[in-house]
Amino acid sequence: MPRVFITGIGIISAIGFDAGEVYQSLRNGRSGVGKLTLIDSVYQDEIPVAEIKANLQELMRIATPKINGYYTRNALLGLIAARQAVWQAALDRETLRDTALISGTTVGGMDRSEGFIKGYLAGTNKGMIRQVSGHDCGDSTEKIAENLGIKGYMATLNTACSSSANAIMMGARLIKQGKAKKAVAGGVDCLTRFTLNGFNSLMILDRAQCRPFDENRNGLNLGEGSAFVVLESEDDVVRTGKTPLAEVGGYGNACDAYHQTASSPEGHGAFLSMQKALDMAHLSPADISYINTHGTGTKNNDLSEGVAIERLYGNNVPPCSSTKSFTGHTLAAAGAIEAVISTLAIQNNCLFPNLNYSEQMHELTFVPIQKYRPEFPLTHVMSNSFGFGGNNSSLIFSRI
Amino acid sequence: MEQLIAKLKNEIIEVLNLTEMTPESIDENAPLFVEGLGLDSIDALELIVLLEKKYGLKLSTADEGKTVLKSVRSMAEFIRANNKG
Amino acid sequence: MIAYIRGAAVLSPQKTFTKPGFPDEIIHYPDSAFLKCLEPNYRDYIDPMVARRMSRVVKMGVCAALQCMKDTGIDMPDGIIAGTGLGCLEDTGKFLVSIYANEEKLLNPTPFIQSTHNTVAGAIALAIKCHHYNATYTHRGFSFENALQDALMQLSDNPSLHILAGGFDELTDHSYTLTKRLGLWKNHAVDNFSLYDDHSRGSLPGEGVAFFMLGGQKGTHDFARLVSMKTLFEPDVKDNGTNITRFLREAGTGIEQVDLVILGNSGDDKYDRIYDPLTEGVLANKPCAAYKYLCGEYDTSASFALYMASLILKYQKLPEHSLIRGKCPEHINRILLYNHLRAKNHSLYLLERC
Chain A
0 MPRVFITGIG
10 IISAIGFDAG
20 EVYQSLRNGR
30 SGVGKLTLID
40 SVYQDEIPVA
50 EIKANLQELM
60 RIATPKINGY
70 YTRNALLGLI
80 AARQAVWQAA
90 LDRETLRDTA
100 LISGTTVGGM
110 DRSEGFIKGY
120 LAGTNKGMIR
130 QVSGHDCGDS
140 TEKIAENLGI
150 KGYMATLNTA
160 CSSSANAIMM
170 GARLIKQGKA
180 KKAVAGGVDC
190 LTRFTLNGFN
200 SLMILDRAQC
210 RPFDENRNGL
220 NLGEGSAFVV
230 LESEDDVVRT
240 GKTPLAEVGG
250 YGNACDAYHQ
260 TASSPEGHGA
270 FLSMQKALDM
280 AHLSPADISY
290 INTHGTGTKN
300 NDLSEGVAIE
310 RLYGNNVPPC
320 SSTKSFTGHT
330 LAAAGAIEAV
340 ISTLAIQNNC
350 LFPNLNYSEQ
360 MHELTFVPIQ
370 KYRPEFPLTH
380 VMSNSFGFGG
390 NNSSLIFSRI
Chain B
0 MEQLIAKLKN
10 EIIEVLNLTE
20 MTPESIDENA
30 PLFVEGLGLD
40 SIDALELIVL
50 LEKKYGLKLS
60 TADEGKTVLK
70 SVRSMAEFIR
80 ANNKG
Chain C
0 MIAYIRGAAV
10 LSPQKTFTKP
20 GFPDEIIHYP
30 DSAFLKCLEP
40 NYRDYIDPMV
50 ARRMSRVVKM
60 GVCAALQCMK
70 DTGIDMPDGI
80 IAGTGLGCLE
90 DTGKFLVSIY
100 ANEEKLLNPT
110 PFIQSTHNTV
120 AGAIALAIKC
130 HHYNATYTHR
140 GFSFENALQD
150 ALMQLSDNPS
160 LHILAGGFDE
170 LTDHSYTLTK
180 RLGLWKNHAV
190 DNFSLYDDHS
200 RGSLPGEGVA
210 FFMLGGQKGT
220 HDFARLVSMK
230 TLFEPDVKDN
240 GTNITRFLRE
250 AGTGIEQVDL
260 VILGNSGDDK
270 YDRIYDPLTE
280 GVLANKPCAA
290 YKYLCGEYDT
300 SASFALYMAS
310 LILKYQKLPE
320 HSLIRGKCPE
330 HINRILLYNH
340 LRAKNHSLYL
350 LERC
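Chains as they are written, first to last, in numbering that gives the first Met the number 0: chain A, 0 to 399; chain B, 0 to 84; chain C, 0 to 353.
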């Protein structure tokens, strides 16, 4: 089966409007977590989020969609990130016609639908019905496809917080099985009142900046963003003389099957997805140079993930960090955003820190990276994304 | 107190959608979580919302939640202690 | 990429879940604005302490999955993959309404938890403690096909696997009202048996849940063999004929070998017209059947069609009123299924008798 390489990356998040800005924020410890300004909510002053400081008009200006239509925040963010990746990979119009597009999202067009619902509740014939036309998860994917001229195989996943990790996995699988020559894979999720209130009702939102893997962690910070990678087969890369950024070395998808929202105390699903990824990549735990953890900062995830990491890596847990302390938890986009961050780490041979950490978790023996560390050669990076419903995915990115 | 316990049982059945249960089938002294009724973390959240919505009582810490939500009786006693029932 | 359909369980507006039932018994809806599923007794399948939290569509999904596993004797599939266009709408609506009704305060978390699209696949895995591959796709009229494609790729990699793949979509009061305002549905109630004589705009909304147990190796009681499946995004109408020919050629066959064509005519004149050049062109001499008059229009309706096609191949008979063109063939060994959802999402399936 052919090897799969990343030849382009695109990202927009609270810590940067492209990969360059994101990298600078990461190395300078600049978190994107702050005050909620763009959504009307009673929690504006109470719940910090990692918001992209651009409203819809500003995003329209950046995205400059060529196709007329009704654009949700998700569609615009996705288009911005996907186009960056496609541009870096130098995919022309003809190539894009045969390229696959796989995206992951949980909120879909909810940013627009939830605005509509207020009027609708006053009278079912009220409100601008067009506002719900982009509600479904497939809308942003199709808007990206239409604008970039992508006509190959198309799919959208929603496996909660592991959606875009699964999208990248599917993109790689399509290429390995010869079902596609190239794939644009990633995901997007924007902040919405729906998710803000949803996570708040679960009492897992920190009222301060999140502290992944800290003994006194108190929940997650929601974030928003989009990231996409261009995947190509080794043959295509060699033929075109491109310089790939990293290899998708392995991946694993497993189900925790413990509870609808909580992860099992022994991190069974997490252990399985990490093990599967290693097996697929023909690697052993000792080969992993860095783990970009799911690390949301919730009591439950970090314990479950931490226990699973120790089960798998024993006494040799590699350096690890949760970059959600920078980007917030971007839900479906997390897997892809962290894939781009992992690629940046490999490209720059560095370790990104886990912010806001001070006290080790009593149950664990390892400690996350606390300071940015340049000149740290990385060979294989593992990236974890674990979602509600027990949808656990792990990806391995490798230096070429 | 017994009246409050009876009222609480009905409210618990309603908010947790325990359609197969009757107030008589719930033992007010039995544990609500893990054993007894076998409720889980989502049910705990729903009960916390119930206490605040119906009785104006806010639980400040997870530990307080563990004590207050131990059984129907402990919930009733918490409500009574705060002069709300 | 071949898959064998070991069995299936379907909840729909027809008697697909009960035996005897579909296709021998067809339910006539003489005056309906929409079609809703017939529901089983959930208590027969799900512990009430577990079911209490589940919305209607989640209960239907779990029931169908459990029945499918029971029917096929495979109680631990190697993967669970679901597809849904709109997900768990009832709980999405409930939580949204509560945000406004309560001004964001003291919200019940249960509807939020149950509103996520992957709740069904997650609930099935939880019910049987399945730690294997689990995914949910949600892409409009490709949602079910995405799930199938994933399953087919896994079976291609390892034919000894069994994958449980399905599609589900529900129609709620709010979703009906909103999609009606978007102009998707008929303005009047219809007789489903005369759906294709209507020639007006809009289709008949429906809903359904279907789970299939797929295997990569031939079994002893398979319903049908799924030879090939393909999706096309916004193809040029003029290319539709060549797309079909190419699809069949890539599957190692041709239109001459196809005995029956099942089309996704929905009763919406604007979109059904897309099938006309085909029935006059490449499909000119083929008997054609329709299925949406039985289940209505919804994003994952092709899952109902796949089930219907499998039954036709196994039992060699067509449901009443399904034939919209030509005569019923004597032997049905090969079926071509072609559906599109409002001209954007087109899908082609080739099935063979086992």
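Treat each hint with caution, since some may be false.
Here are the simulated SDA-like pairs of lysine to any residue, each with C-alpha atoms no more than 20 Å apart in a straight line [claimed, not checked]:
hint : chain 1 : residue 1 : chain 2 : residue 2
1    : A       : K178      : C       : F246
2    : A       : K117      : C       : K14
3    : A       : K178      : C       : A250
4    : C       : K14       : C       : F246
5    : C       : K104      : A       : D205
Treat the hints as calculated values from the structure; they're not laboratory data.
Computed from a predicted structure; not experimentally measured.
Against the structure, the hints come out as follows:
Taking the CA atoms of A:K178 and C:F246, the gap is about 14 Å. The hint holds against a cut of 20 Å. A hinted pair counts as satisfied when its Cα atoms are at most 20 Å apart, and A:K117 with C:K14 does not qualify at roughly 39 Å. Proposed proximity of A:K178 and C:A250 is supported: the alpha carbons are some 14 Å apart, at most 20 Å. The straight-line distance between the Cα atoms of C:K14 and C:F246 is roughly 33 Å, outside the 20 Å bound, and the hint therefore fails.
For the hint linking C:K104 to A:D205, the alpha-carbon distance of about 17 Å falls within 20 Å, and the restraint holds.
Hints 2 and 4 from the earlier list are contradicted by this structure; the remaining hints agree with it.
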